[in-house]
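**Q** Line by line, the protein sequences are chains D and P.
Per this note's numbering, residue -18 is the first one in the first sequence, and the count goes up by one each step.
Per this note's numbering, residue 3 is the first one in the second sequence, and the count goes up by one each step.
One should not assume that every hint holds.
Heads up, simulated BS3-like pairs for lysine-lysine below, C-alpha to C-alpha not over 27 Å straight-line [to be verified]: (1) P:400 <-> D:86; (2) P:400 <-> P:360; (3) P:360 <-> D:86; (4) D:98 <-> P:400; (5) D:154 <-> P:360; (6) D:183 <-> D:140.
For the record, the hints were derived by calculation from the structure and aren't laboratory data.
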Amino acid sequence: MTDAAARILVVDDEPQIRKFLRLGLEGHGYAVLEATTAAAALRVAVAEQPELVVLDLGLPDREGFEVLSELREWSRVPVLVLSVRHREVEKVRAFDLGADDYVVKPFGMAELLARIKAALRRRTQGDAAEPVFRVGALEVDLGRRVVRVDKADVRLSPKQYRLLQVLVSNAGKVVTHRQLLDDVWGAVHRDDIQYLRVFVRKLRRRIEADPARPRYLLTELGVGYRLRTPDQLDGAA
Amino acid sequence: MLRAFMAHRGGHLRWVPYLISAAAVAVVGLAAHVLTRLIPLPHVSILFLAAVLTSAAIWGFWPSVFAAVLSVAASSYFFYSPIYSFRVADVQNVADLAVFVIVAALTSRLAASVRAQAFEARRRQETIAALLAFSERLAASATESELHATILEHLAPAFGRPIHLLLPSEGSLAVAASLGDAAPLPEAIRAAAGRVMAGAQAACPGWRLQGLATAQAEAGVIAARQPAPAADAEYAKALVGHAALAIERARLRREIAEARIKVQGEALREALINSVSHDLQTPLAAILGSATALESFGGQGDPHARRELVATIREESERLASYIENVLDLTRIRSGQITPRLELVELSDIVDAALRRKQKALGGHAVHLQLPPDLPMLRLDLFLMEHALANVLDNAAKYAPAGSELSIVAGVHAGEVVLDVVDSGRGIPAEDQERVFDAFFRGAGPEGRPASGTGLGLAICRAFVEANGGSVAALSPGPRGGATLRLRLPLPENEHAGETAVSDD
C-alpha cells in the first residue's frame, strides 16, 4: 500500500477545519474519514482501521486525550494531535500517551502534509528496522553497537549509548523526558529531567559538530528530544 | 520579662520580700552577735541599717519598714540590756534606737524612690524596645495578610486570646485575621465592633473591643476575649496606635496601586482598540478581498493573478495569527497570569529553539552564534525565555536590512549571563531606547517608514525576561552601527548544580 492510498481519520468538531482538511488531504490523494465526537472517532477507528488519525484535543463529548489513550490500548496507528496554541503541558501529555506528532493551530497545509508523510513512513519502516541508522555524518550501528561521526568511531559511555539507542529507535519522533528517563535510568529517576539535560549535553559534545546548534539531536523545549531523520535534516537545511 | 515579673508582684508571691527582709535582719543580727563578742560596739543598731537599706533598694518602701521594725525589736531584745527582753533600760540606748528609726525611715523612702525610678526607666526602655520591634515587624510585612498576622501576634499578649482583627470591606466590617481560635467571631460581637467602628461605645460581656483610631477615622477594630492579661495601659495604647497606622498605610498603598493599574488598563485598552482597528482590519481586508476576487474569477482568470491572490491570503493570515498571539500574550501579562516555572536549563537550547522558530523570518540574514561551550546552566522558564528571545530575533529581522549580519553572543559577566543580539540595521535613536519596550511603540523600518507589526514584541520580551529575574535593554549604536538588545540573566546560586552530581554510568 502506498502513502497516497492511505486512509486518514480526521477527528474534529469544527466543520470549517474538517472541510479544509478533507479538501487538502483528498487533493493530495489521501482518502478521508471524518468523526466529530470522541465516541464516533473510536467507532470509526475500530470499523475502518485507518492508516493514520488526525485528532483534535477539544471534542464536545470527551477529551481528545481519552480517545488517544483508548486507541493506544489496542492500536499502534500513528496519531497526529491538533491543538490550539502551544500549551506545553498538553504537548507532553499527548506524547506520553503515545501521540506520534503534535501540530499547533493555526497551521499550514504544507506543514501538516509533511508531518503526515513522515508519520506514515515511520510506520512502514518501523516493521523492518534498519540495523544501521544514518543521518548527516552520524552513523549508529545498532547491531554492532558502534557509533561513528565522519567515519571515525566515537566512544560513548553505556548510558550515553543507551540514550542514543532509544532516540534512534524512535528517530524522527519526539521522545518525552519521561520516556527517556524510564528507558535509560528506570522509573525511579522518572522526574530527574536535570539528569537528562546533563547527559544530552555530554552526548551532543560527542556527536554534534556544534553542540550549541545541534543538527541531529534536537531539543523539543519542555517536552523532550528528537533525533532527526535524513528527511527532516534535508527539510531543515 | 520585667512585665512578667511585675505581674508576679501583684500575685501570690507578695510575702516573699518580707520573708527575705526578715532573713536579712537575722543575718545582720548574727553578724552583730559575733562582732560584739570580738570588739565592743556601742551602737549595734547601726549595723541593722544594712538590712533595712538592702530591703529598700530591692523591694521598696514597705518591706524596708518591716525590716526596720524587726531591727528595732532585735536590737532591743538581743543587744541592749536587759538582754532577752524588749525593755531598754539605758536612756542612751533609747536615743540610739530613736535615731535608728528616723534614719531607717528616711533612707528607706529615698532608696525606695530611687528604686521606683530605676524600675520605671527600665520599663520605659523595654516598652520602647518592644514598640520598636513591633514597628520593624510591621514594616517588614510584605503582604497585608502578613501585616494582620503580625499585629495580632503582638496585640494578643496585651489584649488576650482569642483575638480578631476586623477591617472594613465592601461597606461592612469583616474579620481580616484571627489568632488563637478557629471558631468564627459571634455575630453579636461583630455588630458591636461595627458600632465601635462608627465611633460609638459598645460593651460586650466577656469581650474587649478596641478601635484602631487614626487621625481621620477608625482603621479597624480589635476584638479580644477577656480576661486579658494584666498589662499597662500606656503600652497597649501605643501598640494600638502603631497597628492603626500600619493598617491605614497598607490600605492607602493598595488604593494607589489599584488606581494606577486602572489608569494603565485604560491607556492599554485605548491603545489596543487603535491597534485592533489597524492591525486586525488590514490583514482581514486583504484576506476577504483576495478570497472574493478568486471567487469572482469562477475558475477562470489569469493563473499568475490567482497565485498572487492565494499568496496574499496565506501571508495575511500568518500576520493575523502572529498578531493574535501577541495580543494574547499581552493580555496574559496584564492580567498577572505569568508565573514562571523556573528550572535549570541550557541557554543554548533556548537560543536554538528561538532560532528554529524564527528560521523563516531570519532567512535573509546571516546569523552568527557565539555561545561559550562552558556556559553555566541557568534557572529560567524555558518557554517565557524562548518567547522573549524569539521576539528579539523577530525585531532584528524586521529592522535590519535583508542579508545583513546578525550576531548572538553570550558570556558571563559579574554574576550574570549577558546575551547580546547584535544587528546591523539603522540602530535605535537615543530617545527611543527605552520607548521600544512600550506596548504599541513602533520604530522606523529599514526604509524609514514605520515598520509593520504590532509594536508588542519587545514589550512582551521585557515582561517575560523580567518574570525570569533578568533585564533587557536596547543599546545603540552597537558595534556594527546597528542595535544591540542586551539580555541579562542571573546565574543560579550554585552554577554547576547537577553537572557534577551525574555520573556517566
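**Q** Now tell me if each hint is right for this structure.
**A** Against the structure, the hints:
no.: 1; hint: P:400 <-> D:86; result: 24 Å, holds
no.: 2; hint: P:400 <-> P:360; result: 11 Å, holds
no.: 3; hint: P:360 <-> D:86; result: 17 Å, holds
no.: 4; hint: D:98 <-> P:400; result: 33 Å, violated
no.: 5; hint: D:154 <-> P:360; result: 21 Å, holds
no.: 6; hint: D:183 <-> D:140; result: 11 Å, holds
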